Structures are given as structure tokens and as C-alpha cells.
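Enquirer: With the hints as a guide, bring both chains together as one complex.
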Amino acid sequence: MAEEKSQASSSKMLTLKASDGVLFEVELNIAKEMKTVQAYIDDCEDIETIPIPNVLGKHLAIVIEYIKKTNEEYDAEFEKQWNMDDLQLLLLAANYLNISGLQECLCKAIAKRIENKSPEYVRKVFNIENDHSPEEEAKLRKEYKWAFEGVDKD
Amino acid sequence: MKRQKKSEIDRLSDLPDHLLLHIMQFMIAKHCVQTCVLSKRWKNLWKCLTNIKLFDPYNGVIFDEFVSQFLSCRDNSVPLHNISYKNNVRRNYEIPPKTTNILVEIMEYAASHNVQQLEIKAKTDHIRNLELPPSIFNCDSLTSLTLFLRGVSKSTTKMFPKSLNLPALKTLTLVQFTFFTSSDNGYAEPFSTCNMLNKLVIFACKLQDDAQGLCISNSKLSNLAIGTMNRRSNIHKVILCTPKLKSLTIIGIPPIFPAPSTCSLTNLLEELKFDCMYGSTMGEDILISWLHLIAKVNIMTLSYKILKLMVNILKNNSSMRAQLPSFVKLKSLKVEAYPWKCDDRIREMVSYLLQNSPPPATFDIVTVVKCEATVMKYALAFVLSNGFERVIFEDDCQQVVNVLCNDYLYVNELDTLLSTCSFLFNSNDNYNIVYVMRQVNMVAQNLARASLF
Chain A
1 MAEEKSQASS
11 SKMLTLKASD
21 GVLFEVELNI
31 AKEMKTVQAY
41 IDDCEDIETI
51 PIPNVLGKHL
61 AIVIEYIKKT
71 NEEYDAEFEK
81 QWNMDDLQLL
91 LLAANYLNIS
101 GLQECLCKAI
111 AKRIENKSPE
121 YVRKVFNIEN
131 DHSPEEEAKL
141 RKEYKWAFEG
151 VDKD
Chain B
1 MKRQKKSEID
11 RLSDLPDHLL
21 LHIMQFMIAK
31 HCVQTCVLSK
41 RWKNLWKCLT
51 NIKLFDPYNG
61 VIFDEFVSQF
71 LSCRDNSVPL
81 HNISYKNNVR
91 RNYEIPPKTT
101 NILVEIMEYA
111 ASHNVQQLEI
121 KAKTDHIRNL
131 ELPPSIFNCD
141 SLTSLTLFLR
151 GVSKSTTKMF
161 PKSLNLPALK
171 TLTLVQFTFF
181 TSSDNGYAEP
191 FSTCNMLNKL
201 VIFACKLQDD
211 AQGLCISNSK
221 LSNLAIGTMN
231 RRSNIHKVIL
241 CTPKLKSLTI
251 IGIPPIFPAP
261 STCSLTNLLE
271 ELKFDCMYGS
281 TMGEDILISW
291 LHLIAKVNIM
301 TLSYKILKLM
311 VNILKNNSSM
321 RAQLPSFVKL
331 KSLKVEAYPW
341 KCDDRIREMV
351 SYLLQNSPPP
361 ATFDIVTVVK
371 CEATVMKYAL
381 AFVLSNGFER
391 VIFEDDCQQV
401 VNVLCNDYLY
411 VNELDTLLST
421 CSFLFNSNDN
431 YNIVYVMRQV
441 NMVAQNLARA
451 SLF
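Chains as they are written, first to last, in this note's numbering: chain A, 1 to 154; chain B, 1 to 453.
Pulled out of the complex, with its shape left as it was, chain B reads as follows (with noise of 0.2 Å):
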């Protein structure tokens, strides 16, 4: 059939198939499929896609139904690269039996399709007993694994295998799991034989019952972030082989084992984080031995929730306080708080932390993520019932701005109201964000204090 108009020139399918494939991969899996009915030539472009994100914002109950048939309707042949799955649904018990088997069967698919990105964020409720096929812990192609199975609450963890196959890897993260001793010394070492891992993320996981501790022994790894949710963890010491390590961060709650021992942390950390907002105490000697970690490195970020804690413990300790280190390193920091904790507040218990060091070359107080998000959401809604069309919000936290303004869909933590705020921000076009630094933030400061009177 003849075109009509220049004008009416079939623009999309200009762009050869390589392209409209690179654009689909942005979609999540739902819409890829609907575009099989544009025309002939789009029929079976989406069974070619070699990145796949398995994602509903519909929370539909039969996404686990549409995952399974995508993955049996998938061209075999193609390569596959990244599968992306999160499913943050709260389900209700009544479930068919076959759905619960769907992470299994995307990691197996995953596994035989030589993956080398693989991401998996659900909740598992539902699932008693989840036993991870062992052929993802044996793949040859993986280079970034996350596994976020979160469980029936939060102290209920999965079995990581005793060892791993997996030789290309260089990113992990995981949470909750329980990580086993293999070796003599009574020490976990689940990631050994990972010679390329570079950079590694534990959350809420545990040790077997007898271990001494958890050892880190990668020759590659430059970025560590440890943590968890409550003081039931048993990480009570932690050891790293890690002599290329030029940050840590830990998270959750403060760290309630001192800081690691080391062969040669010490040289080239560059960067400490404590991303902790919430938890209430932390034991003296193990505040004193992070204390000589941070007198070592140059970059810091604190919670006005740890530096508060960590100021009161060394006010109502004089032998601590004697023994409170001077950080001559330390050229940067950073505080991470509220915005209606007070900045004066902030700043005389970071003078009083650094009563017998310089001050660094630069310092900052930022605003908290999840405030941030708790705030937008507010805001989005109040916008949308009001019914206003155009609307720039201005906002001093990057991460929040960042995530808006690229769509992600989070899970973790923040997971829900992240995921909301992106939903709702993106039902309109005329919606911007733009970054402002806080302390040009002044009239929202100013309001969120005067609201608390």
C-alpha cells in the first residue's frame, strides 16, 4: 500500500530492528509483548530481547503466570544478557502451586541461557523452604548477581551454598542469607573463589550458629557494604583480605562488630560510610575501634543518627573521650540528616567529634533519602487532588531527584514510596524536579520547622 504524505512517513520503521530492540529493552517485559500486535514485522521482535525486566507496577496476581509464559515464548537462540525480576507484592495465601516456583525457573533460565546480569527482588513469603538452584551458583558467564529474597520476617534467611562456580562475577549483593564455614579455621569465606568480585554488598544475613566470624578474602574487591536490620545478627567479627578496598559502608543499624581486622585495609581505604538510621546503642569498645578506622581514611559520611549516638557515648565516657583519636586524614565529610534537625545541632556535635582534630577541608549536611521520598510523596499527592497541571518541585537530595527523573523502580527499604512517588511523577508530563543544594532549600527548611510548633 502506497504512503499517502511525506509527512506520514512510518518513522519507527526507519529505525532497523537492532534499534527498536535497544528501545524495548527500557519497557518492561508486559508492554515488549504487546508490541508483537503493531504489525507483521513487529510479531516476534520482542522474543529477541536480550534484556528483560520482569517488573509489574500493576501488581497484578498473575504476574508469575505472565513470567513463565515469556520465558517459554522467548527465541532460544537469541543470547541472553539481563533478566531483571522484582515483585514487591504483599500476596495473599492462596496461591496456585505452580506460581511459587517462578524464581527457580528464572534462575535456571537464567543459568542455561549464559546470563551475565541476573536480578532478583521479591518477597517469599509464600514460599516455605525456597531451595536455589544450584546451576546460578556455577555459571560461567555471571558478572552481577543480586539476590533479595526477603522473608516472612526479617530474621528468616536462605542457605548460600558452601562454594561458588562463579569466575566472572564482579558485582553481589545479598540479603538474607546465612552464610556456612568450609573451612578449618572456623570462618565463613562464602566468596573465595570469586577472583574477579569487586564490589560486594551483605545485608541482613547470618552466620552458622558456630562460626567465628566472616572472612572477605578477594584481591579485586574495592567496594564493601556490610550491615544489618537488628542486633540478633551474629556477625560479630568480621576479616578482610582485601588489599585493594577503597571503601566501606556499613548499614542498617551501627556496626555491632569492631572494626575488621585486616592484612592491608588500612592503605589504600579512601572512603568510610555510616548509612545508619536507626538503632539506638553500640558498644564502647566497638565504637573505639572504629574511631582508629576513621583516623585512617579521608572521606566520611555520617548519620545524624550515628553521630548523635556516637557524641553521647563519648560525653558520658571520660576514658573513651581520652582515648578519642585526632582525624588529621580526614578531608571530606559529610552528614546525612532530617530537615528539621537543626544544622547549628549538627555542627557542635561534629566540632565536639573533631575537638581534637583540624577541621576537614569540606563539610556538608545533606538531606536523608527516605525523608526526602516520604516528603515527595506528600506532595505528589497533594498535586495530583488539586489537580494542578504544571509543577516544578524543587528538592536538595540528588537520589531522590535522580530517581525520578530516571524511573527506577527500587526495593529495598525505601522500596514502596520510591516506587510510588517515580508512579506518580511519571503520570504527568508537566511534572519536572529539579536539584537545589539545601541551603538554598531555605523556605521548605523553614516550613518543615514551623510545622512542628
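Just chain A, with the same shape it has in the complex (with noise of 0.2 Å):
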């Protein structure tokens, strides 16, 4: 497997072992732009196998393409591939894992989706259960309705 970011320096590698059971076998210096796992490095420097529970292993290989490749051009490429599901799961484990550059891309990607649309068209998307009762919503429109004006109707 090709590396973009090999260095001479620190060939060691490490395994990474998503939720799933799906083994990933990493150099040092990739690994260690997750701060969790560098975390976890300094604590048991020994470690050769560090378990990732919360991660699915269809995740982590995208969180560490993307630290492999990561620059400008291909921040802007990325976010484009993923479903609004992935785009959240993939978030969750960037925060998981502490790596801000792949946190703050996906944050705005989600954000350029559901930025510009109704509200009612954001609930449809994920599926928000509106508990509030069309009394209160009313109310808060009319609260807020410096906020409500021209809204995309779509």
C-alpha cells in the first residue's frame, strides 16, 4: 500500500483494531495525528494493538486515508463522497479520536448541507423527532422572527 506521508524516521508501525474486529496496520506518524492514540502511546509505551471501540472499521480506513492525503485540494474533494450518515459517523470518530483538521472538514461539510434549508427540511433529513408543540414552535418563530425571514422554500 502506497504511503504519502512515509517518513525515514519512524517506520514503526502499530495495528489500530476498529469496533468490528477489522485490523489496521498504521506507521507511528499517521497513528500519532490522533491525539487518542497518542494518548494512549504515552501511557503503555509497549503497545503494539490498540483497540478503537467506537469506530467501525469502514470508518476508521477513511479517517486514516484522510490523514495520509490530507491538504487543501483533497479537504475539498473529500467531503463530497459521503452520505449524510457516514459524514456523521465519521465525525463522531474524528472527535473519538481527537484529529481537529478532519473534524473541522467535516463539521463544515455538514454545515454547507443543512445551512440554507427549512427547518422542517432538516428534520426530514435526519430524522429530528419535533417534540416541541406547534404552540411552542409558534412561539419561538414569532420570538425569533428576525431570524425567520426569507427562508429558501423548498
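Read the hints as simulated data drawn from the structure, not as lab findings.
Each hint should be verified, as a subset may be incorrect.
Listed below are the simulated BS3-like cross-link pairs for lysine-lysine, each with C-alpha atoms no more than 27 Å apart in a straight line [as the list claims (entries may be wrong)]:
| hint | chain 1 | residue 1 | chain 2 | residue 2 |
| --- | --- | --- | --- | --- |
| 1 | A | 117 | B | 47 |
| 2 | A | 80 | A | 69 |
| 3 | B | 43 | A | 139 |
| 4 | B | 43 | A | 145 |
| 5 | B | 170 | A | 108 |
| 6 | A | 112 | B | 296 |
| 7 | A | 124 | B | 43 |
| 8 | B | 308 | B | 296 |
| 9 | B | 220 | B | 331 |
| 10 | B | 296 | A | 145 |
| 11 | B | 43 | A | 112 |
| 12 | A | 139 | B | 220 |
Label-pair restraints from in silico Cβ distances [claimed, not checked]:
| hint | chain 1 | residue 1 | chain 2 | residue 2 | range |
| --- | --- | --- | --- | --- | --- |
| 13 | A | 39 | B | 379 | 31 to 39 Å |
| 14 | B | 379 | A | 69 | 27 to 35 Å |
| 15 | A | 83 | B | 16 | 17 to 25 Å |
Note that this is a predicted model, so its numbers are computed, not measured.
Ideal Cβ placement from N, Cα and C applies to all residues, glycine included.
Expert: Below is the structure:
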């Protein structure tokens, strides 16, 4: 597997084990981009396999790929490939693994997809249960009417 | 209420509050407030935002009313990191008096909430005698400040305070201010107390009438950009005590002051950039001093306009030609030009300028942003009006590509242009843009040239 970020100084390999048992062998400097993993290594120096209980293999693979390749152009293209469910699970993964660059990229991507849409649309896309009563919602819309002017009708 | 299917899991609510807030921070304030109706959990979440974007792409007249309400509803116990207010609306002149204080309101709110980064870009035509609150110039927490208050005409400026108490400030951008002298030597030295200052941009500013010049004295400053829009600026002399200065950029018209005299400037200065897109004259003495400074840097970027100006002055003045230095240290030279400018002609001019010098290791001609943005706007309009659904744009201007990919809203000379492009581009998910190098973009170049005839 071609390593885009390989460095001569650090050829030590580490194994990451995803929640569904899938194993990934990565170079130490790649793994260190995940601050959570870095903390783990700092605590137990001799460790060779690190369990990542919150992240599925499919998402861990994407995260590792991101770390290897990331640059401005890659970021711009990266987020277009994933559906909303994947984006959110990747965000949870990036948050758990503490990778700030990826987290930033994903938050921006999700924001872009929900911004400019009406609340009804956003609720539909994410299956958010509306537990406001109609009166409560009307009250909020009235209270903040200065924020509700000029929304997309879609 | 029980969820019915596994696939209908409430995804966004699986994300903890701090991630939801992180997502919201990329949305403009108006959309953040609108999330209050999503569900009970979301009702007050927006009030905890630490990064606030006060922009209004719809240019609503009641935008300032919104801002005022937003700030007063916000949860005051939550720290504030970043406020950005951009309003480029050309206003009609009948505005309720209440809204004319919004800039002051924002600045005072920011200062009293220990903001770290504050950016205000606004047209202030309608505000007579805008008085900036002192609190924003006496703020321990501020690390980045941008004040771009465009006045009625290009010559009006705001008064900049004589003394600043911004001990943490690292980045400062000021447009259209007047600096006053506070010391006996007759120089204006407005930023000397900002010990952490690393990056400074001063554009279209003036000095008090009898000032000798501008003195910038900051031990950590590594990046300086300075410039003016017209020759009426009275900054005729600049002194730099900036031992760590790496990069100096001149913006606007060709410099009206000689290359800065310095204490130890030339030791570290690596890069000189002349971002001069207009203006057609330059004093000969001034040019000589800049040529001597160019001889000391490794990297230089020139706009086509200033390259042409320099070459013309040299051609018409044989004694100046005799003084033309050898640019031995120049490793990299870039020229920014419009696509219809002939590359060969550019090369000719560069050869003339470097007649006493060895050729630099790298030489590039790149396409200038403003032109690209104009072209992009027409392209987008064409594509939209003809109903093309899927389009790939190829652009040899990295900055335009970045803007469109990252959804910025600019407020400067390029402002409306880039904002329009960004807005149009992002209206369709199937529009994509890729960067191609200028030399590769021959189809576009040839079309551009052909259209001139």
C-alpha cells in the first residue's frame, strides 16, 4: 500500500483494531495524528495493538486515508463522497480519535449541507423528532421572527 | 416515543452538543438561530455559540436589527472566541437611528466578553462621526483584530487611537484610518505597545497632517502589508524597526514612499510582493530605493502593471539604468498578469529588469485574481441561465479556486465579485471546480486572445 506521508525516521508500525474487529497496520506518525491514540501510546509504550472500540472498520479506513492524504484540494473533494449518515459517523470517529483537522473538515461539510434549508427540511433529512408542540413552535418563530425572514422554500 | 425502523435513527442527535455547536459555527448566525425550532434539545443550543458569523447574504435591510437581538439573547455565561461581522450593503439613507450604533454595540459586546478574534467589515456611509469605543482598544484577550470601515469616499478615514492596550494581539488589519503622532519625534507609532504583533496590514490609511512619517516598531512582526489607493495619501516615509520581518507586501498603487529605512530589516527579509494593480506613476528616486531593496530578497512577486511601469521608467532614463542593481539573491520570481497579456511580452520585460542579473531559479507567470473572478462570474451566469446541470470549471487562479471551494465571503476590492461567484457556485451541488496550471489552460488563453479581435 503506497504511503503518501511516509518518513524515514519513523518506520515503526502500529496496529489499530476497529470495533468490528477489522485490523489496520499504520505507521507511527500517521497514528500519532489521532491524539487519542497518541495518549494511549504515551501511557503504555510497548503497546502494539490499540483497540478503537467506538469506530467501525469502514470508517477507520476512511479516517486513516484522510490523514495520509490531507491537503486543501483533497479536503474540498473529500466531503462530497459521503452520505449524511457516514459524515456523522466519521465526525464521531474524528472526535473520539481527536483529529482536529478532520473534525473541522467534516463539521464544515455537514454545515454546508444543512445551512440554507428550512427547519422542516433539516428535520426530515436527519429524522429529528419534533417534540415542540405547534404552539411552542409558533411562539419561537414569533419570538425570533427577525431570524426567520427570507428562508428557502423547498 | 419509540423509533420504528433501525434506519430512522436520529443521526444528528447522536452527536454531542459540542459537536453540534462546532457544526453550527460554520453557519451564519441567522441559520443558527433557526435551529431553535428543530426540537426541544435545540431550543437554546444556538445561544452557546462561541464563534459567531454575522453575515447576511440576502442583504436584508433589517440585518442590524437581527444582530442586536442576537447579541442580547445570547447566553452571557458562555465564553466568546470569535465574532465576524460583514455587511457590504449599499444602504438607503433613511434608516432608523437605532441601527447606526450596531458597530459600536458589536465592539463593546466583544470587548466585554473577552473575545479573541474580532473582524468588522462594513460600509459606514450612513454613520456620521463614528466613534469607536475605547474598550476594544484596551482588551487583554484580543489576538486578532480586523477593522475595515469603508467611508463615504475613498479619502475619508476614522481616527485611530493614539495608544493601544492590546498585549495579546498577533494579527491586525486596518483599512481607512488616520494615525496620530504621540511622540516628540513627529512620527506616528501606533502599534509599538503590541509586543506580540506578528502580522500587520495597513491599507488606505493616512497620517495626521504634520507627521514626519509612520514608524512600525515591533520585535515579533514577520509579515507586513502596506499600501494606499491614491496618491493623496500622506504616508511619505516609513521606518521599520522589525528585526524579524520576513515578508513585505505593497498593496494598491505603486509605493509613494521610498523603501523603508530600517535598523536591521534587510537581514531577514525574504520576500517582497508588489500587489499593485493600478496607478501609473512612480517617483524615480522612490523606484531606485525599491530596486535596492529588491536586490536583497530571495522571493519576489510583481504585478504586470508595476513590472511594465518599472521597465518604462528605466528605458526612459539612462542614468537610472546605470544604477540598476544585480539581483543575485533572487531565487524565485512571479509575475501576476491578466490572461490576455502576452507571455512573451512579459518575459521580455522581465529580461530587461534582470539585465544585470543571473536568471532566477524559478520564474512563473500566474493569472491575477480579480480578472479570474470577473470571468468566473460571467461563466457562472452563462451556465445557470442555460440550465447546465453538471459543470466542471477549470481555473488557473488558485485563489479563486480556494474561495469557491471554501465558501468565503470577501469584503474588499474583489468583494462583490467573489461573493457573487461563491453564492452562484454553491447554488448547485453539481458544480465543481479544479485548479489547472496556466500553461495548461491554453484553450482559455487562446479564446481570450481571439476575442480581442
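Enquirer: Compare the structure with each hint and give your call.
Expert: Comparing the hints with the structure gives:
At roughly 20 Å between alpha-carbon atoms, residue 117 of chain A and residue 47 of chain B fall within 27 Å of each other, so this suggested pair holds. Between the alpha carbons of residue 80 of chain A and residue 69 of chain A the distance comes to roughly 16 Å, so the proposed pair stays at or under 27 Å and holds. A distance of roughly 12 Å separates the Cα atoms of residue 43 of chain B and residue 139 of chain A; the hinted pair therefore holds under the 27 Å criterion. The hinted pair formed by residue 43 of chain B and residue 145 of chain A meets the criterion: a straight-line CA distance of about 14 Å does not exceed 27 Å.
Distance check on the hinted pair: residue 170 of chain B and residue 108 of chain A sit about 25 Å apart at the alpha-carbon level, within 27 Å; holds. As the CA atoms of residue 112 of chain A and residue 296 of chain B are separated by approximately 45 Å, the hinted pair breaks the 27 Å bound. The straight-line distance between the Cα atoms of residue 124 of chain A and residue 43 of chain B is roughly 17 Å, inside the 27 Å bound, and the hint therefore holds. Of the pairs offered as hints, the one joining residue 308 of chain B and residue 296 of chain B holds, with about 21 Å between alpha carbons and a cut-off of 27 Å not exceeded.
Proposed proximity of residue 220 of chain B and residue 331 of chain B is supported: the alpha carbons are some 25 Å apart, at most 27 Å. Between residue 296 of chain B and residue 145 of chain A the alpha-carbon distance is near 59 Å, which puts this suggested pair outside the 27 Å criterion. Taking the CA atoms of residue 43 of chain B and residue 112 of chain A, the gap is near 21 Å; set against the 27 Å cutoff, the hint holds. A threshold of 27 Å between alpha carbons decides the hint, and for residue 139 of chain A with residue 220 of chain B the separation of about 53 Å lies outside it, so the pair is violated.
For residue 39 of chain A and residue 379 of chain B, the hinted distance range of 31 to 39 Å is not satisfied, since their beta carbons lie about 49 Å from each other. At roughly 29 Å, the beta carbons of residue 379 of chain B and residue 69 of chain A sit within the given window of 27 to 35 Å. Distance hint check for residue 83 of chain A and residue 16 of chain B: the Cβ-Cβ separation is about 21 Å, which falls inside the suggested range of 17 to 25 Å.
When held up to the earlier numbered hints, the structure conflicts with 6, 10, 12 and 13 and fits the remainder.
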